[in-house]
Every structure is written in C-alpha cells, then in structure tokens.
Amino acid sequence: MTKGNRKMSVFKAFLYSISLIVFLASCSNHTYEPISSDISLAATVNMKSMSVTFIDVEKREIAAEWQLEKPYTGGIVFPDGDTFLLYGKEMETADLFSLQTGEKKASWDTGKGIVNAKVINDQKEIALVNQNNSSVIFYDLDGEKLAEAQTESSPLSIVESEEEGVLFVLSFKNQTLSKVNLKTKKTIGDYPIHGAASGALLLEDGTQLWLGGHGEGATIEKDIHVYNASDGEFIKKIPAPVMPINFLQYQQSIFVLSHGSNQLYKMDLDGNIMGTVKVGANPFELALTSDHTLLVAGYDSNDLSFINPENLEEEDKIEVGNGPFKIVLREKTE
Amino acid sequence: MKHLTNTLAKKLWLTVTAAILITILYSYFLSYLFYEKLYVEDIEESLFEEGMALAEDYEGGPLTTELKEQVEWYNTKSDSEIFIVSNPRELSACLPFDIDYETLIGEAEREELLQGNAVFKEGFEERFDRNIMGVIIPLLDQDRLEGIIYIYLPLAKITEITQDFAYLWMIASFLFLIVALGTGAWLVKRLTKPLLDMKQAADSVSKGDYGVHLNIQSKDEIGELAFAFNHMADSIRREDERKREFLANVSHELRTPISYVKGYSDALMTNMVTSEEDRIRYLHLIHRESGRMERLVGDLLDLSKLETDEYRLEKMPLPLAQLIEDALQKYGSTLKEKKLSLMKNLDPDIIINGDEGRIEQVIQNIMDNAIRYTKEGGISISLYAAKNGCCIEVTDTGLGIPQEDLEKVKQRFYRVNKARTRSDGGTGLGLAIAEKLVQLHGGELLISSKVNEGTTVKVLLPVI
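Residue numbers (this note's numbering), protein chains in the order written: chain Y, 1 to 334; chain U, 1 to 464.
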C-alpha cells in the first residue's frame with residue numbers, strides 16, 4: 001500500500017466513523033430501554049456517568065440503565081407513574097420520557113438553572129427551582145407554565161405544606177427562607193435562617209421545619225436547625241454532624257443523612273438520636289420505599305444501600321452508575 | 001572583524017574559542033535541565049514516600065485527633081510543609097451543590113484520590129499563594145475519602161538549590177575556559193609555526209637561496225607539505241646548477257673554435273703567413289672551426305626546440321629498413337677511409353609511424369658516434385621486431401664507455417674523455433638530441449658498453 005493510498009483509507013475510515021456517530025446520535029434520541037409499569041422503581045440519576053439506573057426495589061436488582069446524552073442532575077416521576085421528567089442545571093430544557101416505552105415525550109423550555117423539582121398541589125402541578133433566575137416555576141402536568149415566583153437568590157431545597165398551601169423555598173446563599181403561596185404562586189414572606197442551608201423537612205404535624213446545610217466558607221455545618229413552620233422562628237439546633245442535608249420522616253422517627261460524615265441518624269421528633277449508621281461514601285440522597293425500606297445513594301461509592309428503618313441495618317447494597325445524586329421513586333401501577 | 005581574521009592562527013584560535021564556549025554553554029543548559037529534572041523527580045518521590053509513610057498510621061474511620069497531632073508534630077520537624085485535612089468541604093465533597101468556595105482539591109483530583117491514587121502538584125497554588133511542588137495522599141476508608149495528607153515544598157527552595165549549582169558551574173566553567181583558551185592558544189601556535197617557517201623558507205628561495213631546508217619532523221599534512229617543499233627547493237637548486245653548467249659548457253665549446261678562428265685570422269691579417277701553402281692551410285682551419293661552430297649552434301637550436309612543448313613531429317608511416325639503408329648511404333666513403341666494415345641485418349617488414357627527417361637524424365647521430373670512436377673492426381646495424389615494437393641496434397667495436405659514465409653520456413656536453421681535443425669533431429649534444437627525439441616518438445634509447453670491446457646502442461620504437 002502506498003503512502004497516498006494509506007492516507008486515503010484513513011480519511012475514508014474517518015468519514016465512515018463520523019457518519020456512524022451522526023447516525024447513532026440521531027438514532028439514540030428515540031428510545032431507551034422500556035421499563036414495565038408493574039415494577040416498583042427507585043431510579044438514581046447519576047451525575048458523573050450521565051446515566052439513570054433503575055432498580056427494582058422488590059427484587060433489589062437493576063431493572064434497566066439509561067445512558068443519557070445530556071448532563072441531567074435530577075428527575076421526578078409524574079403521578080401517572082410513567083412520565084419521567086429529567087432536568088439539569090446546564091440545560092435549556094427539562095425533558096420528559098415515557099418509562100414504559102423508553103421514548104422521549106416532550107421537552108419544556110425551562111431555561112438554564114433548574115436544580116430541583118417536585119410534584120405539588122395535590123399531585124397536579126410541578127414546581128421547578130431555577131437557581132439562575134432565583135425563581136420557582138410552576139407547570140401543570142401538560143407542560144403549561146402556570147407562573148413563576150421570585151425568591152431570594154440561589155434557591156435550592158423546597159418543601160410543601162399541603163395544609164397551609166405554601167411552598168417553603170430555601171435560599172442557599174442568602175440565609176433566607178421564602179414562603180410561596182401555592183394558589184397565587186406569589187411569595188408571601190421571608191424568614192432569616194442560617195447560611196448555606198440545604199435539605200428541609202416539614203414535620204408531618206406541620207409545626208416544625210428541620211433545615212440542614214453544608215456550612216458557610218470553611219466552617220462545616222454540624223447541626224440541624226429547627227424553625228417554627230408558621231412564623232419562621234428559630235427553635236433549636238440538633239447536632240447531627242457532619243453536613244446534614246437530607247431528611248425523612250417515617251412514623252415517629254426522623255432520618256437524617258449527613259454527607260460529610262457518611263452518617264445516617266435516626267432521631268425521635270425531639271431530635272434525640274436513637275440510632276446511627278455509617279452508610280455509603282459521601283451520600284446525598286435518602287428515600288423511603290413503599291415497602292418501608294430506606295434507600296441511601298452514595299455519591300462517591302456509586303451505590304444504593306437498602307436500610308431497615310427499624311434497626312438501621314444495611315440489608316442490601318447495589319452498584320449503580322457513577323455519582324448518584326438523586327433518587328426518584330415510582331410505585332408500580334398494577 | 002577583518003583584522004581579527006587576517007591570519008590562520010587567529011582564525012583557528014577564534015574557532016577553538018567558539019567551540020569551547022558553545023560546548024560549555026550547551027553542556028550547562030543540558031546538565032541544568034537534567035539536574036533539575038532528576039532533582040525534581042527525586043523530591044517528588046521523597047515527598048510521596050514521606051506522605052505514604054505518614055498515611056500508614058491511618059487505620060480507617062474518621063481521622064483521629066491523635067493522627068492529626070502526629071502529623072502536626074511531624075510538620076514541625078520536617079523540611080516540607082505537611083498538613084492533614086478531613087474537612088469534607090475542602091475535599092470537594094459538596095461539589096455538586098455548586099458551593100461558592102475555593103476548595104483545596106478540585107473535582108478531578110477528588111476523583112483521582114477516590115481511586116486511591118496520590119495526586120502530584122507542581123506550579124502555582126492559589127491557596128498557598130506561591131509555586132509549590134507537592135503530593136496529596138488520600139486517606140480512604142473503603143470508598144470514603146475521610147481525609148488527605150497534603151505535603152509540599154515551595155518551589156523557591158528548589159530553585160535556590162539549582163541556583164547554587166549554577167554558581168558552582170559558572171565558576172568551574174570559567175576556570176575551564178581560561179585553561180582551555182590558554183591550551184588552545186598554545187596548540188594553535190604550535191600548529192601554525194611550521195607554516196610560518198615555510199613562508200620564510202619560500203621567501204629565501206624566491207631570493208635565490210636554494211639551500212634552505214625545513215626541519216619539520218611531524219608526519220601529518222604539514223609534515224608532508226614541508227617534505228614537498230624541501231623536495232621542490234632541491235629540484236630548483238639542481239635545475240639552477242644544470243643551467244649554470246650548461247652555460248659554462250656552451251661557452252667552453254664555443255671558445256675553442258673562436259680562439260682558432262681569431263688566432264688564424266689574426267695571423268693572416270698581419271701577414272705573418274708567408275707561404276701560400278700555409279695561408280690555404282690556415283683558411284682550411286678557420287673554415288673547419290666555423291663549421292664546428294655552425295654545427296654546435298645548430299644542435300643547440302635543435303635541442304632547445306625539442307624541449308619546448310610546441311615542438312611537433314610530422315609523423316607518417318615509414319618503412320624503417322629503407323630509411324636506415326638511405327641514411328647509411330652517406331657513410332660509405334667514411335667507412336672505407338677508416339677501413340671499417342659495416343654489417344646490416346634489417347627486417348624490411350617493420351613500419352613505424354614517425355617523422356622521417358627526425359628518425360634519420362637519430363640514426364645519423366648514433367652512427368656518427370659509432371664511427372667516431374671506432375678505430376678498427378666494424379659496425380653492425382640490425383633492425384628487428386621487439387616485444388613492444390621494434391629495435392634498431394647499432395654495435396661497434398670501438399673504445400667503449402666506462403660503466404660509471406654510461407648513465408651520463410646522454411647528458412648534454414658530457415664527454416667520457418674529459419681532456420678531449422676537438423679532433424674527434426662531436427658537439428657533445430648528439431646523444432642528447434637522439435634520446436629526446438626517440439622519446440618524442442614514444443620510444444626508448446638504451447646504451448650498453450664494455451671498455452675496449454665496443455658499445456651497443458638500442459633504439460626501441462613502437463610500430464604501427
């Protein structure tokens with residue numbers, strides 16, 4: 001083979017690979033692995049590997065894995081149990097997929113900056129937190145934008161009070177808790193809170209707001225800050241080192257996940273520690289399945305742990321994609 | 001610049017100096033690079049080992065105060081800066097939350113550390129506000145990055161050491177430069193001295209002093225040049241001597257007939273001669289001597305013509321036997337007069353490419369000599385084919401030539417009989433002319449002889 005010929009063939013191979021990539025890219029837009037509706041799912045949105053790992057929580061095994069093309073950071077499943085909305089801070093749109101078909105159904109032009117999402121208002125609306133615009137955007141389930149409520153800068157965590165019909169929005173940078181009326185979609189009040197707040201829990205009785213955080217600057221957050229839910233008054237600090245950022249109430253227990261120390265705390269409603277366990281590596285996410293199992297995703301350990309909420313025993317551990325950042329639950333529908 | 005390079009010595013010196021300087025600079029930069037590289041690698045390695053040794057004390061779980069204190073204590077004793085960090089914030093644990101904080105390690109570094117690999121740092125670190133070289137050792141409890149040991153050296157410390165090295169190098173190279181330049185100058189002088197000697201010797205030769213001799217012992221190109229120069233000076237000297245000798249010979253040969261002519265004509269003019277018989281005898285003598293002068297001048301002219309490059313032979317195919325026959329015709333009476341026999345044995349088939357007149361002149365000159373020096377007996381001439389052509393062989397039974405003179409008889413004016421009279425009549429140029437002509441024909445003239453037995457002259461010529 002002469003030098004010229006070799007050059008030609010390299011060039012041809014290059015052209016083929018380019019066209020193959022284009023072809024694959026255009027194809028892959030269509031379908032992901034479909035997931036049957038009769039599976040109770042826990043999906044982890046994995047930031048580092050840009051993927052979603054779907055886990056059958058009953059069988060405690062991986063049901064499917066979607067390798068995504070965009071840097072999604074989180075998602076929610078709609079009340080229909082099929083529509084899977086994925087968002088990412090760096091993305092202009094939030095994309096909706098059907099779990100059952102694996103196809104993309106729609107895209108919402110949300111603009112960049114979406115960092116959190118929640119199904120609210122009696123499961124009829126979706127609230128999307130836009131950190132770039134410092135706002136919460138409300139959509140109905142059909143993708144129609146209902147309103148946009150301005151908040152203090154850098155909103156991150158949201159928690160809904162169905163009884164009061166308000167949405168609490170934590171400002172990450174501004175030491176402020178905003179209250180948004182879910183009917184009017186307007187901000188109805190601000191309360192001063194601690195800095196770098198992240199993670200919020202409204203106790204089931206609706207009286208207290210438990211807020212976590214990472215800590216400001218070089219200082220590390222070691223405590224849970226408890227506020228009065230109605231007037232925002234600071235009540236107390238509950239030590240839960242280090243960096244408590246995720247909460248969950250199960251019956252009369254509060255579970256607190258501290259990612260700085262990889263600790264899962266079990267507390268009573270007064271904040272007395274009833275148990276603690278080390279779980280995962282740098283865990284960010286905590287969830288409770290319908291069959292009463294706690295799920296903890298280790299961001300650095302790339303795994304999902306199944307914890308018994310009674311005795312905090314780790315029952316199972318499943319390897320997921322790299323960097324699980326969100327756990328999304330879906331109940332089986334049949 | 002011109003005055004800098006107007007002598008070979010200066011040029012050589014400049015070349016040597018430049019070469020030395022370039023070598024020093026080049027080796028400096030090269031070794032500086034190597035030194036720095038090796039040194040830096042060495043430091044990196046030792047920092048890594050130091051860090052790893054400290055990390056061995058970590059037994060898993062959250063970092064204990066004891067370990068932290070140990071590292072702090074070690075830091076006070078060590079040359080390098082060492083600290084231990086367990087703050088998850090500094091370790092980029094909150095990274096996905098986009099925290100507005102300049103962490104100690106970045107995302108990629110955290111990933112590397114989570115894999116259990118050490119991270120090497122070199123360059124400016126904003127946290128320390130200076131250039132550093134450092135190693136970060138992960139303290140891992142399974143998948144959990146519980147902390148790190150950060151160990152570093154400010155780069156300034158390293159460059160300080162390389163600076164010391166640079167100073168040392170500069171001093172050493174300066175000393176080396178002085179020594180090398182001194183040695184170089186001495187070498188250049190030694191190299192160029194024979195050339196200067198040769199120049200002076202050439203000046204002497206051009207002024208006529210041919211006796212100079214260069215005493216250069218070296219066997220290199222300069223030695224060879226000196227040898228060639230000596231040889232040339234020697235040749236010039238010998239040529240000069242030959243020229244002087246030739247002039248002396250010519251003057252000598254001419255002086256005798258001139259004194260004859262002058263003496264006898266003086267006698268005739270002053271009427272010292274009384275009888276008519278004497279007058280006629282004198283006139284005969286004058287005529288004979290002027291004839292000799294004519295022949296001498298003619299031969300000299302021939303010889304000088306033959307020695308110029310412009311002389312051209314008019315060559316044509318010649319039947320050599322016929323030519324010899326014709327040339328011998330005129331010797332009939334002379335041979336009869338001297339009562340000498342002539343034997344001929346000529347191969348009629350030999351044809352050469354030659355100049356008729358010149359070949360005849362060769363035969364004539366040889367025959368003249370043979371007849372001249374043969375008192376009794378005879379002369380034999382033969383022509384036969386030889387190895388590379390043909391051979392004309394003339395043998396006489398004459399006086400013969402002593403062995404020591406045999407080589408020289410072909411020289412101009414050379415005579416075996418030094419105290420000769422002019423009675424034998426030769427000009428002393430005959431054989432020289434004959435040999436020259438034979439050489440111009442691409443042949444060879446050889447003489448062999450035995451005293452009192454005779455001489456044999458062989459003329460070897462190429463044939464067609």
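Read the hints as simulated data drawn from the structure, not as lab findings.
Keep in mind that a hint or two might mislead.
Which residues of chain Y face chain U? A partial, calculated answer using Cβ under 8 Å [what the hints assert, rightly or not]:
#1 H214
#2 I220
#3 D223
#4 I238
#5 V242
#6 H259
#7 N262
#8 G298
#9 S301
#10 F325
In this text, a Cβ means the ideal position worked out from N, Cα and C, and glycines have one as well.
So, going through the hints one by one against the coordinates:
no.: 1; hint: H214; result: holds (5 Å)
no.: 2; hint: I220; result: holds (6 Å)
no.: 3; hint: D223; result: violated (15 Å)
no.: 4; hint: I238; result: violated (19 Å)
no.: 5; hint: V242; result: holds (6 Å)
no.: 6; hint: H259; result: holds (6 Å)
no.: 7; hint: N262; result: holds (6 Å)
no.: 8; hint: G298; result: holds (7 Å)
no.: 9; hint: S301; result: holds (4 Å)
no.: 10; hint: F325; result: holds (6 Å)
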